[in-house]
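J.: As you go down the protein sequences, you meet chains H and E in turn. Here the numbering used here is used: the first residue of the first sequence is 1, the next is one more, and so on. Here the numbering used here is used: the first residue of the second sequence is 1, the next is one more, and so on.
A few of these clues could be false.
[As the list claims (entries may be wrong)] Think about it this way: if two alpha-carbon atoms lie no more than 20 Å apart in a straight line, the pair counts; the simulated SDA-like pairs of lysine to any residue are: (1) K25(E) to R164(E); (2) K153(E) to R98(H); (3) K117(E) to A144(H); (4) K117(H) to K25(E).
Rather than coming from a laboratory, the hints here were simulated on the basis of the structure.
If you want the building blocks of each chain, they are given just below.
Number of protein chains: 2
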Amino acid sequence: MRRLGDGVEAALHCALVLCWLEPGKVLPGKSLAEMHGLSESYLLKHMRALTEAGLVEALPGPRGGYRLARRPGEITLLDIVEAIDGKEPAFTCKEIRRRGPGKSKDRCAYKTDCFIKRRMLAAEELWRQSLRAQTLADLAQDGAALIDAESQKTIAAFVREAQR
Amino acid sequence: MRRLGDGVEAALHCALVLCWLEPGKVLPGKSLAEMHGLSESYLLKHMRALTEAGLVEALPGPRGGYRLARRPGEITLLDIVEAIDGKEPAFTCKEIRRRGPGKSKDRCAYKTDCFIKRRMLAAEELWRQSLRAQTLADLAQDGAALIDAESQKTIAAFVREAQR
Ligand code: FES
Ligand code: FES
Numbered sequence: 001m002r003r004l005g006d007g008v009e010a011a012l013h014c015a016l017v018l019c020w021l022e023p024g025k026v027l028p029g030k031s032l033a034e035m036h037g038l039s040e041s042y043l044l045k046h047m048r049a050l051t052e053a054g055l056v057e058a059l060p061g062p063r064g065g066y067r068l069a070r071r072p073g074e075i076t077l078l079d080i081v082e083a084i085d086g087k088e089p090a091f092t093c094k095e096i097r098r099r100g101p102g103k104s105k106d107r108c109a110y111k112t113d114c115f116i117k118r119r120m121l122a123a124e125e126l127w128r129q130s131l132r133a134q135t136l137a138d139l140a141q142d143g144a145a146l147i148d149a150e151s152q153k154t155i156a157a158f159v160r161e162a163q164r
Numbered sequence: 001m002r003r004l005g006d007g008v009e010a011a012l013h014c015a016l017v018l019c020w021l022e023p024g025k026v027l028p029g030k031s032l033a034e035m036h037g038l039s040e041s042y043l044l045k046h047m048r049a050l051t052e053a054g055l056v057e058a059l060p061g062p063r064g065g066y067r068l069a070r071r072p073g074e075i076t077l078l079d080i081v082e083a084i085d086g087k088e089p090a091f092t093c094k095e096i097r098r099r100g101p102g103k104s105k106d107r108c109a110y111k112t113d114c115f116i117k118r119r120m121l122a123a124e125e126l127w128r129q130s131l132r133a134q135t136l137a138d139l140a141q142d143g144a145a146l147i148d149a150e151s152q153k154t155i156a157a158f159v160r161e162a163q164r
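Sequences and hints are given; from them, build the entire structure.
T.: Laid out in structure tokens, this is it:
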């Protein structure tokens, strides 16, 4: 499979951090970047994609920043992946069945997708379904269970300090 | 998901055609290219990848050509996809959890993969499993059932004529 953009990793980690904000608060882009050791310009590109997809709200101005546009349980991993990487299928079919001497003279032959394309798209649909069945709430739960206590405290303090 | 190389479509269609050869025969690269309306140089690059992966045998010389290296039921769709597109995961993790103020001081914290990475890799593993469960024999069966009779005849005649 071709690689997903590395922005997907950053977007998932940032969205997780936004789960930890107090209600009504936002986190500045600068803090999100600092939190992940990433350049602000790199991160802002991906935050813009999340905002355009309606997953994140961006409040402008000096007291502005980002917050989730929906509850964590209502934002799937697929929402985030598709916001960053697009919705196009991974498998590219250029209809090569219509070329060469084997092409059909039957006008109905191409009304349904090529059987090879169908199998390839069905396979990637399993990947999509799996990502659609997982939400930011699952990541938040993982974080609470799996990030060591010391780091959780540091992260919580950082977010508390940085939020507006 | 990022797009797979379009060589995957060509490779799958070519591998299917090789299923239709008589035992002991090979199909010249030129004929494979003609069959799919593709340039020979484009196709040969992908046939070389299939050969290097041990899925196809290339017989050299003027009477040379390609044939499957294993029975159709022993060549999975994943074999072909990975031969063309590589085995790297689609999800790229640059370990951003180790950066910024949230990084752990606990030396054991990074012994297991990040929970985000684990979920992303598990999702694409479903895609891989599905492609691993399907073989060229399935495509050949589809072809027999779904390609119209007229085209099947034309293809069979073309292969019979071109094989060596
Ligand atoms: S024509 Fe595109 S996969 Fe068959
Ligand atoms: S550190 Fe790479 S996905 Fe979490």
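J.: Take a quick look at whether K153(E) and R98(H) sit within 20 Å of each other, Cα to Cα.
T.: holds, 16 Å
J.: Given the hint that K117(H) pairs with K25(E), does the C-alpha gap stay at or below 20 Å?
T.: violated, 28 Å
J.: Is the hinted pair K117(E) and A144(H) satisfied, with a Cα-Cα distance of at most 20 Å?
T.: holds, 16 Å
J.: Please verify whether K25(E) and R164(E) have alpha carbons no more than 20 Å apart.
T.: Roughly 5 Å separates the two Cα atoms, so the pair holds.
When held up to the earlier numbered hints, the structure conflicts with hint 4 and nothing else.
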